[in-house]
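Novice: If you're matching them up, the sequences are chains A and W in order. For the record, in the first sequence the residue sitting at position 64 is 64 according to the working numbering, with numbers rising by one throughout. For the record, in the second sequence the residue sitting at position 317 is 317 according to the working numbering, with numbers rising by one throughout.
It cannot be assumed that every hint is accurate.
[To be verified] Each computed SDA-like pair below joins lysine to any residue, with the alpha-carbon atoms no more than 20 Å apart:
id	chain 1	residue 1	chain 2	residue 2
1	A	K45	W	L116
2	A	K78	A	G39
3	A	K45	W	K293
4	A	K45	W	E51
5	W	K32	W	R56
6	W	K293	W	T344
7	W	K32	A	D26
8	A	K45	W	Y53
9	W	K32	A	L23
10	W	K32	A	Y18
11	A	K41	W	R117
12	A	K11	W	E121
13	A	K45	W	I34
14	A	K45	W	V43
By construction, these hints were calculated from the structure, which means they are not laboratory data.
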Amino acid sequence: MGLTARGVEMKLRENVDYEAFLLAVDECAGGVWFYTDQGDKLNLKSVLLRFVFSAATGNAEVMASSQIVLDHEADMEKLGRFLKTQGED
Amino acid sequence: MSEITSYNIHYFRELALIGHRLYSWELDADLKRIGSNCPNEAVIGLLFPMERYKERLRALFQEGDQPVVISNELGLMVIITCKREEGALSSTYHVLGPAFFDAISTQEINDALCALRLSYELRREVDEVIQSLSLISISQFAEYGVMQHFAVTGMRTTTAEFRHIRYERKAAAQPGPSERRKQRGLYAAEQAMLKMIENGVLNFQQQHDRVVALSHVEDMGFGGPLRQNKDLMIILSSLASHAAINGGVLPETAQELSNAYIREIERATDLYDLMEINRRMLSDYTNRVHQAKLKSGISPQIKACCDYIQMNADRRLTADELAKTVNYSEKYLSTKFMKETGQTLSSYILNAKVERAKLLLLDMNMSTKDIAASLGFSSQSHFGSVFKKVTGMSPGSYRAKNGCGEDDRQDQKV
Numbered sequence: 001m002g003l004t005a006r007g008v009e010m011k012l013r014e015n016v017d018y019e020a021f022l023l024a025v026d027e028c029a030g031g032v033w034f035y036t037d038q039g040d041k042l043n044l045k046s047v048l049l050r051f052v053f054s055a056a057t058g059n060a061e062v063m064a065s066s067q068i069v070l071d072h073e074a075d076m077e078k079l080g081r082f083l084k085t086q087g088e089d
Numbered sequence: 001m002s003e004i005t006s007y008n009i010h011y012f013r014e015l016a017l018i019g020h021r022l023y024s025w026e027l028d029a030d031l032k033r034i035g036s037n038c039p040n041e042a043v044i045g046l047l048f049p050m051e052r053y054k055e056r057l058r059a060l061f062q063e064g065d066q067p068v069v070i071s072n073e074l075g076l077m078v079i080i081t082c083k084r085e086e087g088a089l090s091s092t093y094h095v096l097g098p099a100f101f102d103a104i105s106t107q108e109i110n111d112a113l114c115a116l117r118l119s120y121e122l123r124r125e126v127d128e129v130i131q132s133l134s135l136i137s138i139s140q141f142a143e144y145g146v147m148q149h150f151a152v153t154g155m156r157t158t159t160a161e162f163r164h165i166r167y168e169r170k171a172a173a174q175p176g177p178s179e180r181r182k183q184r185g186l187y188a189a190e191q192a193m194l195k196m197i198e199n200g201v202l203n204f205q206q207q208h209d210r211v212v213a214l215s216h217v218e219d220m221g222f223g224g225p226l227r228q229n230k231d232l233m234i235i236l237s238s239l240a241s242h243a244a245i246n247g248g249v250l251p252e253t254a255q256e257l258s259n260a261y262i263r264e265i266e267r268a269t270d271l272y273d274l275m276e277i278n279r280r281m282l283s284d285y286t287n288r289v290h291q292a293k294l295k296s297g298i299s300p301q302i303k304a305c306c307d308y309i310q311m312n313a314d315r316r317l318t319a320d321e322l323a324k325t326v327n328y329s330e331k332y333l334s335t336k337f338m339k340e341t342g343q344t345l346s347s348y349i350l351n352a353k354v355e356r357a358k359l360l361l362l363d364m365n366m367s368t369k370d371i372a373a374s375l376g377f378s379s380q381s382h383f384g385s386v387f388k389k390v391t392g393m394s395p396g397s398y399r400a401k402n403g404c405g406e407d408d409r410q411d412q413k414v
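Using the sequences provided together with the hints, build the complete structure.
Specialist: Next up, the structure:
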């Protein structure tokens with residue numbers, strides 16, 4: 001986990017239940033963003049961009065290099081179980 | 001489950017897959033996946049997360065057996081059947097889909113994706129997913145729903161008995177003070193534009209641009225931005241048609257025009273097309289009103305003079321300036337204007353200013369003093385007395401009557 005200019009940056013755990021993750025994103029108070037190494041930035045609260053994220057889950061390489069960024073640190077409570085903490089890298 | 005039922009379900013799933021690439025899913029009572037014949041189950045399953053519908057589906061199937069259709073904002077839909085055994089709900093939900101319900105949905109998604117400028121890697125993944133989904137008409141999809149229901153329950157049903165869970169758009173937040181002011185500003189700008197159509201003022205472009213600047217599409221709704229803009233334009237066509245009738249165009253002609261433009265709007269394939277139709281449509285209505293007024297016995301010079309007043313109502317106008325625009329002497333213009341319109345130049349100018357003031361008073365960004373100054377009145381009290389003489393009420397009373405009273409002034413301080 002790291003606090004950067006973009007917000008709280010974290011990686012998704014392997015074999016995460018994406019459906020449960022997206023349900024948890026709905027519960028977050030702030031924005032939740034999906035960044036890829038290829039320069040994509042998706043707002044996971046948008047229906048269209050969630051569609052794109054769902055398609056991206058089919059590409060292991062993209063997912064492995066991606067970051068989840070939270071606008072509100074407090075949303076870690078809701079998403080923590082899906083995200084890797086620093087020591088787990 | 002009996003052998004016959006298992007065979008029927010299996011046979012139906014093969015049929016749906018071969019016939020229209022429709023995937024079938026089995027979900028448990030908590031809407032978790034048990035199985036599917038979708039080759040890309042993990043990804044496609046995410047496109048239509050079913051868990052969020054758990055309570056509503058349970059409630060609907062407690063009420064009755066008929067299939068339930070769920071659609072979402074992107075134009076994807078699924079049909080769900082659940083069998084009842086001896087009065088109790090089965091623990092398995094049978095789901096068919098997801099499928100896009102028409103070509104517009106995929107086209108709009110593609111347009112929106114192009115605007116996103118996704119990386120090559122993501123775009124390729126998204127394209128593969130879209131290609132792997134069925135594109136089917138609602139009626140065909142519903143027929144498969146009838147078959148699924150028969151295969152699972154052994155009971156006949158009709159599409160008229162289907163229940164529907166539509167996607168829930170988040171309730172629009174109550175507009176805040178600044179949003180309310182903006183809405184009134186938009187309303188005022190729209191009304192001013194329609195007034196120009198009604199008066200046949202050919203140079204309406206500036207007002208039109210103001211309306212466009214104040215308008216915005218809230219968020220991606222059903223069918224996406226193209227559909228939403230088409231709907232707005234159809235409404236505008238109808239309003240413009242009424243304004244043209246008020247301006248002297250025959251109702252039959254205005255109705256025909258409106259129908260023709262609505263057909264064109266429906267045929268538009270992108271937002272650029274719509275913009276072009278919009279400009280042409282407004283110009284057409286205005287021109288026809290202009291022509292109708294010319295035929296009504298008002299000379300082109302007096303019509304030009306009226307247009308000039310309407311366009312410049314927000315500043316001080318003199319008879320001398322107006323006379324110069326039509327190359328008449330001041331005296332000749334005043335006499336001719338009175339003869340053709342039945343009112344004096346100064347009365348026409350003041351009426352135009354009051355009409356403009358009525359619209360500006362709905363915009364809480366402007367104080368009465370600012371409005372008086374912007375319309376070229378020498379003082380707020382002069383404006384007040386002219387306004388009262390024409391409308392029978394003070395500017396403040398007019399504001400209060402139109403819901404822009406004290407509360408809104410409080411808003412302004414926020």
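Novice: The structure should be examined with respect to each hint, and the outcome stated for every one.
Specialist: Comparing the hints with the structure gives:
1. K45/A <-> L116/W: 15 Å, holds
2. K78/A <-> G39/A: Cα-Cα ~26 Å, so violated.
3. K45/A <-> K293/W: Given that 20 Å is the threshold and the Cα spacing comes to 53 Å, the pair is violated.
4. K45/A <-> E51/W: 17 Å, holds
5. K32/W <-> R56/W: Given pair K32/W, R56/W holds - Cα atoms ~15 Å apart, limit 20 Å.
6. K293/W <-> T344/W: 18 Å, holds
7. K32/W <-> D26/A: Roughly 18 Å separates the two Cα atoms, so the pair holds.
8. K45/A <-> Y53/W: 18 Å, holds
9. K32/W <-> L23/A: 13 Å, holds
10. K32/W <-> Y18/A: With Cα atoms ~13 Å apart, K32/W and Y18/A stay inside 20 Å; holds.
11. K41/A <-> R117/W: 10 Å, holds
12. K11/A <-> E121/W: 19 Å, holds
13. K45/A <-> I34/W: Roughly 27 Å between the alpha carbons, so the hint for K45/A and I34/W is violated.
14. K45/A <-> V43/W: 18 Å, holds
Hint compliance for this structure: hints 2, 3 and 13 are not met, and every other hint is.
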